[in-house]
Amino acid sequence: MNTRYLDITDVGIEFDTNGRKFRALQKVNLKLDKGEFVSLIGHSGCGKSTVLNIVAGLYQATEGGVCLDGKEVCEPGPDRAVVFQNHSLMPWLSVYDNVALAVDQVFRKSKSKAERREWIEHNLRLVNMEHALDKLPGEISGGMKQRVGIARCLAMQPKVLLMDEPFGALDALTRAQLQDSLMTIQSELGNTVIMITHDVDEAVLLSDRIVMMTNGPAATIGEILPVNLPRPRDRLALAEDREFVHLRQQVLEFLYAKQAVREPAAVAVAAVPRPERKPGPLSPASAAVPVSTAGEGPDNDFEAA
Amino acid sequence: MRDTALRTGWPQRLEPVIGRLKSGEWIRALVYPMLGVLAFLMVWQFGAGRIETSLGQFPGPVQVWEQVKSLGAEHVREREKARAFYSRLEERNASKLAANPDAVIKHRQYTGKPTFADQIVTSLLTVAAGFLIANMIAIPLGIVCGLSAGVYKALNPVIQVFKPVSPLAWLPLVTMVVSATYSSQDALIDKSFLNSAITVALCCLWPTLINTIVGVTNIDRDLVNVSRVMALSPMVHIRKIVIPAAIPMIFTGLRLSLATGWMVLIAAEMLAQNPGLGKFVWDEFQNGSSSSLGRIMVAVLTIGLIGFMLDKLMLTLQKRVSWDKNALLR
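If you read the sequences in order, they're chains A and B.
Here the first sequence stands for residues 1 to 305, numbered as in this note's numbering.
Here the second sequence stands for residues 1001 to 1330, numbered as in this note's numbering.
Since the hints were made in silico from the structure, they are not lab data.
Just so you know, not all the hints are guaranteed correct.
Straight line, CA to CA, 25 angstroms or less: simulated BS3-like cross-link-like pairs of lysine-lysine [as the list claims (entries may be wrong)]:
hint, chain 1, residue 1, chain 2, residue 2
1, B, K1113, B, K1096
2, A, K71, A, K258
3, A, K113, B, K1240
4, B, K1069, B, K1113
5, A, K71, A, K135
6, B, K1106, B, K1096
7, A, K135, B, K1319
8, A, K109, A, K258
9, A, K135, B, K1240
10, B, K1240, B, K1191
11, A, K159, A, K31
12, A, K111, B, K1106
13, B, K1081, B, K1069
14, A, K71, A, K113
15, A, K109, B, K1113
Sequences are here, hints too, so could you generate the full structure?
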């Protein structure tokens, strides 16, 4: 068996909610090379976040395991930094202090105070946020918050950067800007990245490989699509590119033809319980609406390019 | 936490105030409360005139105002007496020293009757001590309970049982325990002070404890996950994440706790004959002169005003400490 930089082997997980067993994932196998950018795509509730949380160490897999750089993952750690969807900055700390919290933790021993200061500012420069060091998260826009969230993760120098729908909550323009920033940073630093996304264009634009997941329960990896578009990639040029359009088509086909959410009941069943978050109010009205056209399931916020 | 006040400076902070003054909003802000108070005073005067008690007519605002003045005059007189006492003492000591430079000088404490103002100070000190004792226990314990579901489950029955207990039930126990364990003769802290303070602490422990638990339990899970990913040590986690996140709830608890403490204190002082406003009320009731009801009414209003000011004080403190400057606090 060849070992790669990040090795997810036969991972499965079963949640226990009020005595009812729920199998969310089954036999997930994925291997990443160093410096590779992989996207996870799939319908809502198929367990993408669960895969990410297992790699992060926030969940323990029921079976199988994850190895990073030759070591097994058992608990969360700064070598697997996570960018959460809703930025998750401490609202009581300034932009600078938010990044400092991570840097002081990771480089407490290896860097001097001045070096840490320089490192914090360097990372905030990387995401173009050096102008807002003293601002509180409440005083900056959503896109800026997510930039700071990314800077905080980059500053930890993780072996693998885990991104859970990092741009999902942003408007289309801001999202495009941040995608470009991320591409530039990733090509400079050579980070290994796993990113969860709902956005087909985003997946094709950013990834080296797109991992498409089947619907839950007991979700697993359906297909893996290599994206061999040359880098650096330019979103304007790619919009007309035949290869790009073809790749995009393949992802759409997987999501809407092979893994179409047909029955309304299936939508309800597919909702993975998320013990780490507070359950949102499940509106019974949305479950009752028949989904006539395949692909118009709730939460699929795909955009036309 | 940085203070926005420092960054913005005074001129900007005054701007909204000036704007409000210009717009004439202050008239409304002033007139309505004044109308309310005036209406209350009228109802009071009217109602009081119709109530005859064995101690004479129930005091209306005018009679109460008379008592305020009389209590003030009493205070001034008593201070005058104290000053006279000390100057006499000094004179005597000086003359003694003049006669014999090796004479042993005696310093005596003036032991006059405590005035109304003295009683207020005693009450405030007692409630401050009780409040401090309570929160030195409640906040750390609340954080531990909030972080650990096991500890919470273990302590919850105890909390639920002791929470509704009245101070009057605790008082005899506290008194007995204090007199049994705290026996030094001329101690720094008065026994009755300790009795009241501990009784207050036992009653105002719970609001802070419960609110701290709720605040800590409900920290945004994502923030906790960020902390786990950064592998923060438990102490750093508590200092940097848990306490700031729970501060709004902790302060809600502190405010409730201080209000409870103040109410409990008056009852404790009355029952235990501990010095303070409660004892003042009790003494006046026992005294039963024609001015007693008026004096008790002065105490009632004072208790209310001080309670109100204590809450305002906590609110100001909360606004200073809170990181969410947009939160509506009232």
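Consistency of the hints with the structure:
no.: 1; hint: B/K1113 / B/K1096; verdict: violated (29 angstroms)
no.: 2; hint: A/K71 / A/K258; verdict: violated (36 angstroms)
no.: 3; hint: A/K113 / B/K1240; verdict: holds (19 angstroms)
no.: 4; hint: B/K1069 / B/K1113; verdict: holds (18 angstroms)
no.: 5; hint: A/K71 / A/K135; verdict: violated (38 angstroms)
no.: 6; hint: B/K1106 / B/K1096; verdict: holds (10 angstroms)
no.: 7; hint: A/K135 / B/K1319; verdict: holds (19 angstroms)
no.: 8; hint: A/K109 / A/K258; verdict: violated (51 angstroms)
no.: 9; hint: A/K135 / B/K1240; verdict: holds (18 angstroms)
no.: 10; hint: B/K1240 / B/K1191; verdict: violated (40 angstroms)
no.: 11; hint: A/K159 / A/K31; verdict: holds (14 angstroms)
no.: 12; hint: A/K111 / B/K1106; verdict: violated (65 angstroms)
no.: 13; hint: B/K1081 / B/K1069; verdict: holds (18 angstroms)
no.: 14; hint: A/K71 / A/K113; verdict: violated (30 angstroms)
no.: 15; hint: A/K109 / B/K1113; verdict: violated (64 angstroms)
When the structure is compared with the earlier hints, violations turn up for hints 1, 2, 5, 8, 10, 12, 14 and 15 and for no others.
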